[in-house]
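Chain B: place on chain A using the hints.
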Amino acid sequence: MPQPERENYLNKHYGVWSWLLTTDHKRIALLYLISITFFFFIGGFFALLIRLELLTPAGDLVQADTYNKLFTMHGMVMVFFFLIPSIPAVLGNFLVPMMIGAKDLAFPRINLLSWYLYIIGGVMMLHCMLTGGVDTGWTFYAPFSTNFTNTKIVEAGLAIFVAGFSSILTGLNFVVTIHRMRAPGMTWSRLPLFIWAHYATSIIQLLGTPVIAVTIVLVAAERALHLGIFDPKLGGDPLLFQHLFWFYSHPAVYIMILPSMGVVTEIIACFSRKRIFGYSFVAFSSIAIAVFGFLVWAHHMFVAGMSVYAALVFSLLSYAVAVPSAIKVFNWTATLYKGSIRYDAPMLYAFGFIGLFTIGGLTGLFLSALGINVHVTDTYFVVAHFHYIMVGGAVMGYLGGMHFWWPKISGKLYPEGWARLAALIVFIGFNLTFFPQFLLGYMGMPRRYYDYSHMPEFQILNVLSTAGATVLGVGYLLPMLYFLWSMRYGKPAPDNPWNAAGLEWKTPSPPPTFNFDEEPVVTWEAYNYEELDAPNKEEVPVAR
Amino acid sequence: MPDSSTATGLHTEAHNPALLHHFAEPQQQRDAASLGMWVFLATEVMFFGGLFCAYLVYRLKYFGDFGAASKTLNVTLGATNTAVLICSSLTVVLAVWAAQSARRTLLIGSLGITMILGLVFLGIKGVEYNDKFVEHHVPGASFSFEKVPTPGHPGQYADPHHAQLFFSLYFVMTGLHALHMIIGLGIFLWLLIMACKGRFTPEWHTPVEIGGLYWHFVDIIWIYLFPLLYLIDRHP
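Heads up: the protein sequence lines correspond to chains A and B, in order. Numbering of the first sequence is given in the working numbering, commencing with residue 38 and proceeding in unit increments. Numbering of the second sequence is given in the working numbering, commencing with residue 31 and proceeding in unit increments.
Each statement offered as a hint is correct.
Mimicking BS3-like on lysine-lysine, the simulated pairs with C-alpha atoms at most 27 Å apart in a straight line are:
#1 Lys101/B <-> Lys155/B
#2 Lys91/B <-> Lys270/A
#3 Lys270/A <-> Lys101/B
#4 Lys177/B <-> Lys270/A
#5 Lys101/B <-> Lys91/B
Keep in mind that the hints were calculated from the coordinates and are not lab data. As the structure is a prediction and not an experimental result, all values here were calculated from the model.
Just chain A, with the same shape it has in the complex (with noise of 0.2 Å):
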């Protein structure tokens, strides 16, 4: 090192116990970043398996009980433990008190509780898989979860049980952070739209994981005493199961995905210098995703024998999502109308996002019309659709967001080259991968089946599929690879290497343990990138 650094929260204290007792929330956000990347190596490695079995159409490479399991497996470990806390446990921790001019989260000792439940809960689960696992798919239905399969059901809810207090911790510490913990001048109407999502998705956290926590008290009680809550022989009904699992679990879509939207609309804003377009419009249309969210969780049961009423209204209730996502990708689009676009790596992936999620939202739509939803139901276009919704939306997002703020982060440039390959890389291997399985399903193929001998006209569909997986799995590796190189080789990163608004750009890179060295006062409007580009312009005030 020519100079001595510049103290920051990394190197401000050493040691192994500095970070495990760390209520930084920058370095809580590392932790998460560690251990959700763990988790999502080993959900992709049964996401691998999966696409190897069906790359031939018999049942040769797994037993169907392992079939079974390996799905059941890549669904829990990607959705409760990737995708749950992805964005908000990583990013929204590092950002969220940044971005609001905050020192820290209202409660750090909470926040560094919320990483150790979140470990807590992801050992059992990885004691869950390596002794057996589960085999009854993550939505893990009664009665079969509850009166039938001798797989580990309870260990596997109590991890998840565990991992979902995490989740509520996070929101709760969020929420009352957003509320409590502004900056002067930094009012609802200046604050980044990237708060507004995470307000919006810790509202969903806060009111549904209780929710599939309790039901998963009730499949717990059931299984070791069979009361009959959910066993049609006692009385029980099934269908309430159902209900209360898709009522956190709809919601849940909306946690994973709001935050993206969040990340994708400061990209966007940045990399075209213009402010964003209708700005209350996107932030209220987050809160009312959130709001709609909790309303159409039944239409994933339409063909669980609900009445037709319910399902008509659930239908339409269905539709009602589609508006405010519509109004998100709209204001998206009208901010880039005339912008200064630059294709740099996190716009790259913002670019993906918007069009993989406006398909998936699309596919959405076929879903929620009670005609098709018969039709498709139970197919890979349901897992094409979901899958364009959570990969290529939340993923994408994700990456996006990991690219923009890595500077940020780690005080150092990712290789640009790379990284737009990178972008591309996923980007085809996605839609080689899910793509096929819209057709694949629209043509019958059911999911969760590891044989498909007598239909073989699915196999080249289902080849190409493969070999997207493989491609995205490059994609995947390929920035985990060069986030590392560049923490030991990369170029410095100045403080604010994309000249963004925002207050997070306003401190150095890495930022010092208080986030700042003067407390901020905010006199300006967000996305104010008129006047940050405006020629021989005063430097923006950060304190006076």
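Below, chain B without anything else, positioned relative to chain A:
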């Protein structure tokens, strides 16, 4: 320790020991703590909400059978427990007021009485659980509910399966409520120790306030559980 509050250089005034480093002023810290507890209670409402929802579904579906099962609960003990909890809410309010107005003896006394009332509640609940155990009303292998007439339908007997559903929900709901009471007792024990050490002042008594909020919430859950489980369609 990884973080120390001395390093910020942001506090120029004398440092208030109860003020955590990342808050600008005590009022902000108090507001954050109180909002945090309210938000937590919202999640608790949803947690019990799932159970209330399940209970209502089955109550409507098997109204008579649930009525028959509900009649076997001891309404006198239930009502006594309701009274006990309402009294404990009063002592919690007294504790908060005592902390605000620096009445330390009253604070310690109210916290202590609250804990005693909580223990009385759990004791009575234990007696009720024991009665159910003796009557073979605990769901499981030894459950038995034969030839119990359905209230309002002379000559009809309740379906034992459906009655078992009632008792399953009864035990899960009151059990989770009791668990919350036990956690509440833990919190109040800590408050009592802090109060005895004289830690609470009119300027800083946030733990008493938010601990009190929690206690009130647990009381309110019981205020809903009692009529739902004991009183609906209860003919004399």
